[in-house]
Structures are given as structure tokens and as C-alpha cells.
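Engineer: Sequence:
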Amino acid sequence: MNDPIIYIVSDSVGETAELVTKAALSQFSGPAVMKRFPYVEDLSHIDEVVSLAKEDQGIIVYTLVKPEIRQYMVEASAAENIKIFDLIGPLMDQLESMCAMEPLFEPGLVRRLDEEYFKKVDAIEFAVKYDDGRDPRGLLKADIILIGVSRTSKTPLSQYLAHKRVKVANVPIVPEVDPPEELFSVPKEKCIGLKISPEKLNQIRKERLISLGLDDNASYADVERIKKELTYFENIAARIGCDVIDVTNKAVEETANIIMSMYRSRKST
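For the sequence shown, the positions run 12 to 280 when our numbering is used.
In case anyone wonders, no lab produced these hints; they're calculated from the structure.
Honestly, I wouldn't trust all of these hints.
What the hints assert, rightly or not - Pairwise CB distance ranges (calculated):
1) E52 - E113: 16 to 22 angstroms
2) D125 - E200: 46 to 52 angstroms
3) S40 - Y128: 32 to 38 angstroms
4) K46 - I269: 48 to 54 angstroms
5) N228 - K278: 42 to 48 angstroms
6) T259 - L106: 22 to 28 angstroms
7) D104 - K199: 24 to 30 angstroms
Built from N, CA and C at the ideal position, the CB exists for glycine as well.
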């Protein structure tokens, strides 16, 4: 007896149907041949597969989301006595009944969702790798570069934006340390400066020192020192020519929304 031939038919890539079929086949010791037919969205494609399955005496396993394509598969295969198995249709019908909602009937949504997930993971890993100016090479790869003095929420913003699938690098601006040259070679539109009032920054830094069990009178929280840092930051931002956001009384989410609006505006131009 010849090995059974299974036609895997899908209106997308066909990975789901193939994986489920392989799982079922793993319960049998005998071999089988699988032939995948992806992106089947036309009735003529159904006719072709049915004709091949008839010639090979095979069966058809399919994931088709559009009702008219699913129905045509049933009718065309029945006319040729071809055995078929619908992997997704019955479950979609049950969910539609339970949820009292109509499906989208859009092929490939699972793959699209997977791609979005992996983009998010990639952006999160990017934010960690290029946090706090660790590797200036990341500036050339970033979608957005945040610059600012210490405690202006650069890291939280980088992580927040990463969850929106945006690759963000951030660079601390410190008077004693020259910014990386890469910062001045990227398009200025990619850079966003974060400024803050001296009084607010003084308060934030004092609280930070106390939380670490350190003296809150350290130079890190000294107002004159802070003013010097902010002046240096303003000079760097002016040299780059980038936009600057005042984060003095803004929550991370509020600042992130402003940045995303700027980013989308830049992408659309």
C-alpha cells in the first residue's frame, strides 16, 4: 500500500494545519506524505487541490477562514468523494455562537500577531542592551534616541516605548563626559531631549540618595551642580538641533504619548 498523501491547505502560510497534522501523525508508526498548499484564496485553487487529491487518493486537511471558500471546499470535495478535515471552521462557528460576534474572516492574523509579539521582544531587548549609553553603536540602529541628565526617566521611557515595538536607546548627558560622536551623526529627528526644572530634579535626586541610604547633601543633589548639568544638556540639545520635552510635571505615560506622536508624525512624512 502506498503511503497516504495529505494535502495541507491554508489561506495563509499553512503552519498551523501542518503542525496539527504532524501531531496526529506522530501517533501512528507508518509514514505519510504531506504536501502544503499555502495562500489558497481563490476557488480555482480549491479545484486544483481537489483534483490532485482525487488522483492520489489523498485527504485534505485545511484551515480556511472565509465562509465562501470553506463551503466551496466542502462541495467540491464531496463531488469527487475526497475526504476532508476542517481544522478551524467548526471552532470558529462555535466561538461565533458563544460570543455573539462575527469573525473578521481575515487570513493570516495569527502570523501577524506572532510577528508583533516578536517585534516587542526585540525592542525590549534593544532597550536593555543600549540603555544608559552602554554601546554607542546602538544609536545608529535606534528608532528613537533619548538624551537627558540623570533622573529624567530615560530608562523607564525606553522600556515603555519598547512595549509599543519601538527601539529606543538613551544617552546620559554629563558635563564631565563627552557625548558619543554617533549622537551627532544620526538624523536630528531621531533624538529627543528630556529637560526638567532644577527644583524638581533636586527633589528627585535627594529622594534617590535617601532610598540608597546615602547623604542627601551629596553633590549629585546640589542645586548648583544640577543647574550646571542642565545648562550643559541644553547646549548639547542645541548642537544636535533635536526636539526637547519638559518632563518636570509629567508622568512617564504622558511623556511617552508625546514621543509616540512625534515618532508617528516623523514616519508619515
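Engineer: Run every hint past the structure and note whether it holds.
Structural biologist: Verification of the supplied hints:
Between E52 and E113 the Cβ separation comes to about 19 angstroms, which falls inside the hinted range of 16 to 22 angstroms. Distance hint check: the CB atoms of D125 and E200 are about 31 angstroms apart, inconsistent with the given range 46 to 52 angstroms. One distance hint, 32 to 38 angstroms for the beta-carbon pair S40 and Y128, holds here, with the actual separation near 36 angstroms. Here the CB-CB span from K46 to I269 is close to 52 angstroms, well matched to the stated 48 to 54 angstroms.
At roughly 46 angstroms, the beta-carbon separation of N228 and K278 lies within the given 42 to 48 angstroms, and the hint holds. The supplied range of 22 to 28 angstroms is broken by T259 and L106, whose beta-carbon atoms lie about 49 angstroms from each other. About 54 angstroms separates the C-beta atoms of D104 and K199, a value inconsistent with the hinted range of 24 to 30 angstroms.
Hints 2, 6 and 7, counting from the list given before, are not met by this structure.
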